[in-house]
Amino acid sequence: METLTYEYRGGRPVASPPPSFLVGVVGSGNLEVLVEPAPLGGLCRVEIQTAAVGFGATWQAVLDDVFARHPLADVRISINDVGATPAVVGLRLDQALDAFAGGAQP
Amino acid sequence: MSSYYEDSARGRLAGLLDPGSFREILPPAERVVSPHLRQLDTPAAFDDGIVVGEGRLEDRRVLVAAQEGGFMGGAVGEVHGAKLTGLLERALDTHPDGVLLLVESGGVRLHEANAGLIAVSEVMRAVLAVRASGIPVIVLDGGTFGCFGGMGIVSRLCDAVVMSEEGRLGLSGPEVIETTMGVEEFDSRDRALVWRTVGGKHRYLLGEAATLVEDDVTAFRAAALALIDHKPDLSLAALAAEHAALGSRLERFGDCRDALDIWERLGVEEPERLPILDTADFLATVRDRRA
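Chains as they are written, first to last, in the working numbering: chain L, 1 to 106; chain F, 107 to 397.
The set of hints was computed from the structure by calculation and includes no laboratory data. From the three backbone atoms N, C-alpha and C, an ideal C-beta is built for every residue, glycine too. Each hint should be verified, as a subset may be incorrect.
Which chain L residues stay away from chain F? Per the calculated CB distances, all over 12 angstroms, these [to be verified]:
{"id": "1", "residue": "24"}
{"id": "2", "residue": "27"}
{"id": "3", "residue": "51"}
{"id": "4", "residue": "56"}
{"id": "5", "residue": "62"}
{"id": "6", "residue": "78"}
{"id": "7", "residue": "101"}
The following label-pair restraints were derived from C-beta to C-beta distances [claimed, not checked]:
{"id": "8", "chain 1": "L", "residue 1": "83", "chain 2": "F", "residue 2": "112", "range": "46 to 56 angstroms"}
{"id": "9", "chain 1": "F", "residue 1": "349", "chain 2": "L", "residue 2": "58", "range": "25 to 35 angstroms"}
{"id": "10", "chain 1": "F", "residue 1": "217", "chain 2": "L", "residue 2": "7", "range": "25 to 35 angstroms"}
{"id": "11", "chain 1": "L", "residue 1": "7", "chain 2": "F", "residue 2": "195", "range": "50 to 60 angstroms"}
{"id": "12", "chain 1": "L", "residue 1": "56", "chain 2": "F", "residue 2": "131", "range": "28 to 38 angstroms"}
{"id": "13", "chain 1": "F", "residue 1": "340", "chain 2": "L", "residue 2": "58", "range": "38 to 48 angstroms"}
{"id": "14", "chain 1": "L", "residue 1": "61", "chain 2": "F", "residue 2": "165", "range": "23 to 33 angstroms"}
{"id": "15", "chain 1": "L", "residue 1": "7", "chain 2": "F", "residue 2": "144", "range": "53 to 63 angstroms"}
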């Protein structure tokens, strides 16, 4: 297992975020994404626990794209992953961040 | 119509309970995760594969637990089991109108070995304590992974089991039987064999499932509501009668090699037809034929 952390600056805080929002399941080829508001001084922090070791550059590329689509600030994103493909990761993050920014209830 | 089989644990709860009524206990953001999986270098889930909390069912106060089969097959680890036991013990304090267990589990999580086994035994004891206090415990079983092992036992300790045709209920799961006894004894890849042996229709015919419903979250909701006012008879006489009935069932069907033999002996005409009937036709066909 590998723990990865990425941080992004320059996003905007969500106006009225839900206390937390969870999508996905920790199953083979899948992942769960937990999104929470957090006082991070304008940062968006992504913390990943993944069963697939050695894919840091791929995560970086996927997350760069996700942050370009969802430039959020003061958000903590926590991921438990069991080898989801980059496409699945991107879709799950879109799903989670759309719902989070829309003020969805958990 | 929303498939119960295809949905996640959280999706099932959202469709089952009155909208907006669910309040989760130990939600994912609390991060009460398995301490064992980390030691084994295996990813944990923030809710350890089970969602517990309280909500309302047509305004009746209920405690609910939903196992997520997608995470380690819904297997019961130490935290997972403790959440379930804690929920049941909460019922003794708060006296809800009922407890609903949305089971989906392969049994004990082998990664956690004895901790998982102890957790399941604690769940069993808690179920019996809740029942003894007069609060019904109702099982809903229609998930992708079925319900086996320790959770199969837990389910049959409860007041009633609601199943869909897609649901499965048993002690040893098909793969376990095949591994232990050989493929000649039980081919776990033979889906027709698996479903007619442990599936919802067979469990309903044997009387182990109280209700058989369509694979639809709202059908499960209606069935749970119908059962919640049912007060079971826990007297010694009733338990003795249940034991006698189980004994006579063994005498009646003990030599059957296949579920089809049992269905034939129950007086079902063309028993080989049962698996292809939809739920309504099936229920009409087997009326007065249950064991």
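Evaluated hints:
1. 24: Answer for residue 24 of chain L: violated, closest chain F Cβ roughly 9 angstroms.
2. 27: Per Cβ check, residue 27 of chain L is inside 12 angstroms of chain F; nearest 4 angstroms; violated.
3. 51: 5 angstroms, violated
4. 56: Non-interface label on residue 56 of chain L holds, nearest chain F Cβ at 16 angstroms vs cutoff 12 angstroms.
5. 62: Correct as stated: the minimum Cβ-Cβ distance to chain F is 17 angstroms, above 12 angstroms.
6. 78: Given a closest Cβ separation of 7 angstroms, the condition is violated.
7. 101: Given a closest Cβ separation of 17 angstroms, the condition holds.
8. L:83 <-> F:112: 46 to 56 angstroms: 22 angstroms, violated
9. F:349 <-> L:58: 25 to 35 angstroms: Distance hint for residue 349 of chain F, residue 58 of chain L is violated at roughly 60 angstroms.
10. F:217 <-> L:7: 25 to 35 angstroms: Holds, at about 32 angstroms.
11. L:7 <-> F:195: 50 to 60 angstroms: 42 angstroms, violated
12. L:56 <-> F:131: 28 to 38 angstroms: 36 angstroms, holds
13. F:340 <-> L:58: 38 to 48 angstroms: Taking Cβ atoms as reference, residue 340 of chain F and residue 58 of chain L lie about 58 angstroms apart, which means the hint is violated.
14. L:61 <-> F:165: 23 to 33 angstroms: At 50 angstroms between Cβs, range violated.
15. L:7 <-> F:144: 53 to 63 angstroms: Between residue 7 of chain L and residue 144 of chain F, where Cβ atoms are some 23 angstroms apart, the hint is violated.
Hints 1, 2, 3, 6, 8, 9, 11, 13, 14 and 15 from the list above are not met by this structure, while the remaining hints are.
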